[in-house]
Amino acid sequence: MTDRNSFQTSSGHRGLDLAEPLIFELDSPGRSGVDLPDPPDVVNRLGGLERNADIGLPGLSEPQVVRHFVRLSRNNFAIDAGLYPLGSCTMKHNPRLNEKLARLPGFADLHPMQPMETIQGALELIDSLADWLLTLTGMSAIAMSPAAGAHGELCGLMCIRAALEARGDAREVVLVPESAHGTNPATAAICGYRVEQIPADVRGRVDLAALKEKLGPHVAAIMLTNPNTCGLFENQIMEIAQAVHEAGAFFYCDGANFNAIVGKVRPGDLGIDCMHLNLHKTFSTPHGGGGPGSGPVVLAEALAPFAPLPKVVRGVDGLELLEHGVEESFGRLKGFHGQMGMFVRALAFILSHGADGLRQASEDAVLNANYILARLQDIFSLPYPGPCMHEVLFDDGFLNDTGVSTLDFAKAMIDEGFHPMTMYFPLVVSGAMLIEPTESESRDSLDQFIASMRHLAERAVAGDHDFFAGAPYLAPYGRLDETQAARKTVLRWFPEVQEAAE
Amino acid sequence: MRYLPHTPVDRQAMLAAIGVKDIDALFMDVPEGRLLPGAMDLPHHAGEMSVERSLAALAGRNVPAGAAASFLGAGAYRHHVPAAVDHLIQRSEFLTAYTPYQPEVSQGTLHYLFEFQTQVAMLTGMDVANASMYDGASACAEAVLMAHRVTKRKKAVLCGGLHPHYRDATQTVTQFIDFQIDTRPANPDALEDLANLIDEQTACVVVQTPDLFGRLHDLRALADTAHDKGALLIAVVTEVVSLGAVTSPGEMGADIVVGEGQSLGNALNFGGPYLGLFATRQKYVRQMPGRLCGQTVDTSGRRGYVLTLSTREQHIRREKATSNICTNSGLCTLAFCVHLALLGEAGLRQLARINHGKAVRLADQLATVNGIEVVNQAFFNEFTLRLSRPAAAVVSELVGKGIMAGVPVSRLHPDAPDLANLLLVATTETNTDEDVDALINGLQDVL
Amino acid sequence: MSAIYYTEEHEWLAVEGDIGTCGITEFAQEQLGDIVYVELPEVGRAVAQNDEIAVVESVKAASELYAPVSGEVTESNDGLADDPAKVNADTMGAGWFFKLKISDPSELENLMDGAAYAALVAGQG
Chain A
150 MTDRNSFQTS
160 SGHRGLDLAE
170 PLIFELDSPG
180 RSGVDLPDPP
190 DVVNRLGGLE
200 RNADIGLPGL
210 SEPQVVRHFV
220 RLSRNNFAID
230 AGLYPLGSCT
240 MKHNPRLNEK
250 LARLPGFADL
260 HPMQPMETIQ
270 GALELIDSLA
280 DWLLTLTGMS
290 AIAMSPAAGA
300 HGELCGLMCI
310 RAALEARGDA
320 REVVLVPESA
330 HGTNPATAAI
340 CGYRVEQIPA
350 DVRGRVDLAA
360 LKEKLGPHVA
370 AIMLTNPNTC
380 GLFENQIMEI
390 AQAVHEAGAF
400 FYCDGANFNA
410 IVGKVRPGDL
420 GIDCMHLNLH
430 KTFSTPHGGG
440 GPGSGPVVLA
450 EALAPFAPLP
460 KVVRGVDGLE
470 LLEHGVEESF
480 GRLKGFHGQM
490 GMFVRALAFI
500 LSHGADGLRQ
510 ASEDAVLNAN
520 YILARLQDIF
530 SLPYPGPCMH
540 EVLFDDGFLN
550 DTGVSTLDFA
560 KAMIDEGFHP
570 MTMYFPLVVS
580 GAMLIEPTES
590 ESRDSLDQFI
600 ASMRHLAERA
610 VAGDHDFFAG
620 APYLAPYGRL
630 DETQAARKTV
640 LRWFPEVQEA
650 AE
Chain B
1034 MRYLPHTPVD
1044 RQAMLAAIGV
1054 KDIDALFMDV
1064 PEGRLLPGAM
1074 DLPHHAGEMS
1084 VERSLAALAG
1094 RNVPAGAAAS
1104 FLGAGAYRHH
1114 VPAAVDHLIQ
1124 RSEFLTAYTP
1134 YQPEVSQGTL
1144 HYLFEFQTQV
1154 AMLTGMDVAN
1164 ASMYDGASAC
1174 AEAVLMAHRV
1184 TKRKKAVLCG
1194 GLHPHYRDAT
1204 QTVTQFIDFQ
1214 IDTRPANPDA
1224 LEDLANLIDE
1234 QTACVVVQTP
1244 DLFGRLHDLR
1254 ALADTAHDKG
1264 ALLIAVVTEV
1274 VSLGAVTSPG
1284 EMGADIVVGE
1294 GQSLGNALNF
1304 GGPYLGLFAT
1314 RQKYVRQMPG
1324 RLCGQTVDTS
1334 GRRGYVLTLS
1344 TREQHIRREK
1354 ATSNICTNSG
1364 LCTLAFCVHL
1374 ALLGEAGLRQ
1384 LARINHGKAV
1394 RLADQLATVN
1404 GIEVVNQAFF
1414 NEFTLRLSRP
1424 AAAVVSELVG
1434 KGIMAGVPVS
1444 RLHPDAPDLA
1454 NLLLVATTET
1464 NTDEDVDALI
1474 NGLQDVL
Chain C
54 MSAIYYTEEH
64 EWLAVEGDIG
74 TCGITEFAQE
84 QLGDIVYVEL
94 PEVGRAVAQN
104 DEIAVVESVK
114 AASELYAPVS
124 GEVTESNDGL
134 ADDPAKVNAD
144 TMGAGWFFKL
154 KISDPSELEN
164 LMDGAAYAAL
174 VAGQG
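Chains as they are written, first to last, in our numbering: chain A, 150 to 651; chain B, 1034 to 1480; chain C, 54 to 178.
Hints should not be assumed to be uniformly reliable.
To be verified - In silico lysine-lysine, BS3-like type, Cα no more than 27 angstroms apart, as pairs: (1) B:1262 - B:1187; (2) C:113 - A:637; (3) B:1316 - A:637.
Claimed, not checked - Across the chosen pairs, the derived CB separations fall in these ranges: (4) A:351 - C:176: 14 to 24 angstroms; (5) A:607 - C:132: 46 to 56 angstroms; (6) A:210 - B:1099: 24 to 34 angstroms; (7) C:114 - A:168: 29 to 39 angstroms.
As the list claims (entries may be wrong) - Not close to chain A: a few residues of chain C, all C-beta gaps over 12 angstroms, as computed: (8) 55; (9) 105; (10) 160; (11) 173; (12) 176.
Note that these hints are calculated values from the structure, not bench results. All C-beta atoms in this analysis are idealised placements derived from N, C-alpha and C, irrespective of residue type, glycine included.
Whole structure, please, built from the sequences with the hints as guidance.
Next up, the structure:
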């Protein structure tokens, strides 16, 4: 009898699991997957800078290219295929309507430097989205251009520095919680600030007393995430805002976790001065294997004048892009105007949900996370008592003395058909497991997930550490050697050196 | 609501399992009076048909570049993207996948990132490239920060032909640290002498080729001077198709090459999302910002790929990171990779020849029109016209005739009245003979 | 005869005459995991006690090394560039990072001996 697992094929393929080399290994010189017309017969005017040396790109036909990338895609997990409980990433469903609308020629085929009268609809879309975001957050102004969350963070902190410099008081320090994401201190450094940490209290929130002690005339800003990176709402946020403002500093809020509170709470009502939004998290634009994102930043009145360029403004002849001549603006962050493709998708999502749907989505996101908390807390170790918001944080306490690490546990989840949760973040607990289901998961989906997690936890606690050390067993690939990748870096393909014939 | 799976029955059952009466019990940490009592006063949910109508109406109020005779460039170029590209990037497993942090179930993404890095290194003539950045302008800013880290020096010289958005992004990101930017004035008529401006305090000199005015630059002598003084040469390429016809910056001695990848695989999209290209020499790889994908093996010895050298990045080095960047351009990067895979060496060279050939023909025809002077001797697919009167007005007058004649330099250099009569004209394989005739006739009419 | 001192940053310093050889401790390499890269100081560089002097990187973390005492770098272990695994395998031997000519021997009094360091590690473990 042939055994499924030890069956070896001659091709290296395994049924629908099809092995695929690099495109460079499929090269046939001169071949192309595109038919182009003959170039005009002219004498070149390249000033003697013709490229004569080969570039080295491989030639493939269209069927080969399609097959190549289809095969590659089959090695990826995706939201469309299953649950991705990645805390802080908000892996919600990416509606296909958004893709259809983003591709309308009236949006996709617009050059950014077209005359204003030919792009009024585009400017109105940006303005419309801006309006929605301002209303949802309860803030005064918005910068639409940042390209991603970290870029939005940079934008917010630059507005703050510009505002302080305008007062003649740039200050030196930014306060960041211990649980903060690594972008926070990195961003502060680019803005010329030193970072000091604020400890958390036993309930996983910012220690207000410790914060007040750290505040002083040298503190420019505090950077907080709310709900925080432990999935908890900072219940003393208004006291925090008050203390920060009394010290003459600004309050930057990292909006990565906005999905917990859209339509339920307005960050502007809590006293924040600026907050970045992640359209690719809260507003469903696709993660695309790592990007592109979009990180607009909402601003309080005090920071609005310093917002980056360009801005969409209403002129006498209609909407226009204000690209120059704003003295107080801290400048431009990137080319052109912002991630228009993501704006279309986000607005489609917002219009589809509406005020009632957005509120319901937040409630369902919080409901789902608490359901998981309630059904797993007897086996997993919960460092901070519930309720949580849209994500639940467990630590590796329950794995003590089992020989199973958070990493091992995560790899075993893969075989169960789930993408692992966020691991080892936030750093404030040991072996963090941050689980965010989002509102897109049905009760059946959550029950399946819970059952698998319970099964794995029981198995780990029972001492089956060898099993976990070898996971995953059923994924297209086993664990990859990250040490080798870093020690002997190979960051591109090289053509093989032809060996001289013996 | 079609995107929310729960029914009221589900919600009730789950609340019971949690042990609370209603959902607001889970929002108990929200300060008094800050929990909104009901849905905000904004439109309620809408079906697909309604949303489609609303957004299609907005789209309908724009003139797509393809519906006019369009000759717009200045850092974004209209190229034909084969149908297979858009189809492949919409596959669920590419579209809805996350960053490949769990490599065992992300080899699809990691495999194409490795291919992309190789393609970019080949195109730019460099040793190694990252997995992309937000766009060309922010990549340029990051390159200058990298030169600062590598050389520990505090000055950068930016050529006058650098795209003002790239200049501005670089100035923005260095404004609060101890670093000075020396931007040379834009002068399309003379090639500036940057070599004299490099000294032992210079971290880098930044040169764009083809530059804003479409001029091509031989970087070899400047590279030598920079290296003699211990400075880095950063080359900027805003039209990546040019690398199919023009000597690569790597061959000319650049230390870092940055650019915009939009021309391959990506629609104009009104300016975003785009993708920044970033390539450098092997010796600088640990100072390179952004994501990097590296080759390795799995437990059964099978070749695979992982994100690597992450210790440079923000989630580990935090304030000592090479950058605060947390992402790459994902799907835009895939689109670039697929398009270039379809083109191949032969296809890219042919595409570049078509672009350049059309530009040569167009420049010759425009040179015969009264009131027009072609400024460039050399160019790739974009060149500068000096008109007999301000270009912005001319462009405006032609819009009504269905012609988008080019980008007036005054839009990018509003404070340089001596540049007001200059128009940047780009042409690609998408321009037809009818487009060209319309442009020529239109300009003849108004000048 | 060499005397071995330890720092709170989990570095060791083996002193023979006026030359000190420095590396990271067993505890440090265990915490870091597989070492993938080291950045070593240039020979001839003068450092003050506690100046940042080297960097050690693993897959998941990067750590600075600080000069345990003031002095001048006389040698760097260039072999680590090709084989950083030596740091894991032989922390006190082949995994040494650099040697210093010690300028102020009285600074050694600020450092811990083996027993004190063992107590520190026990407290942190």
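Structure-based check of all given hints:
| no. | hint | in the structure |
| --- | --- | --- |
| 1 | B:1262 - B:1187 | holds, 14 angstroms |
| 2 | C:113 - A:637 | holds, 16 angstroms |
| 3 | B:1316 - A:637 | holds, 14 angstroms |
| 4 | A:351 - C:176: 14 to 24 angstroms | holds, 21 angstroms |
| 5 | A:607 - C:132: 46 to 56 angstroms | holds, 48 angstroms |
| 6 | A:210 - B:1099: 24 to 34 angstroms | holds, 27 angstroms |
| 7 | C:114 - A:168: 29 to 39 angstroms | holds, 34 angstroms |
| 8 | 55 | holds, 30 angstroms |
| 9 | 105 | holds, 15 angstroms |
| 10 | 160 | holds, 27 angstroms |
| 11 | 173 | holds, 20 angstroms |
| 12 | 176 | holds, 17 angstroms |
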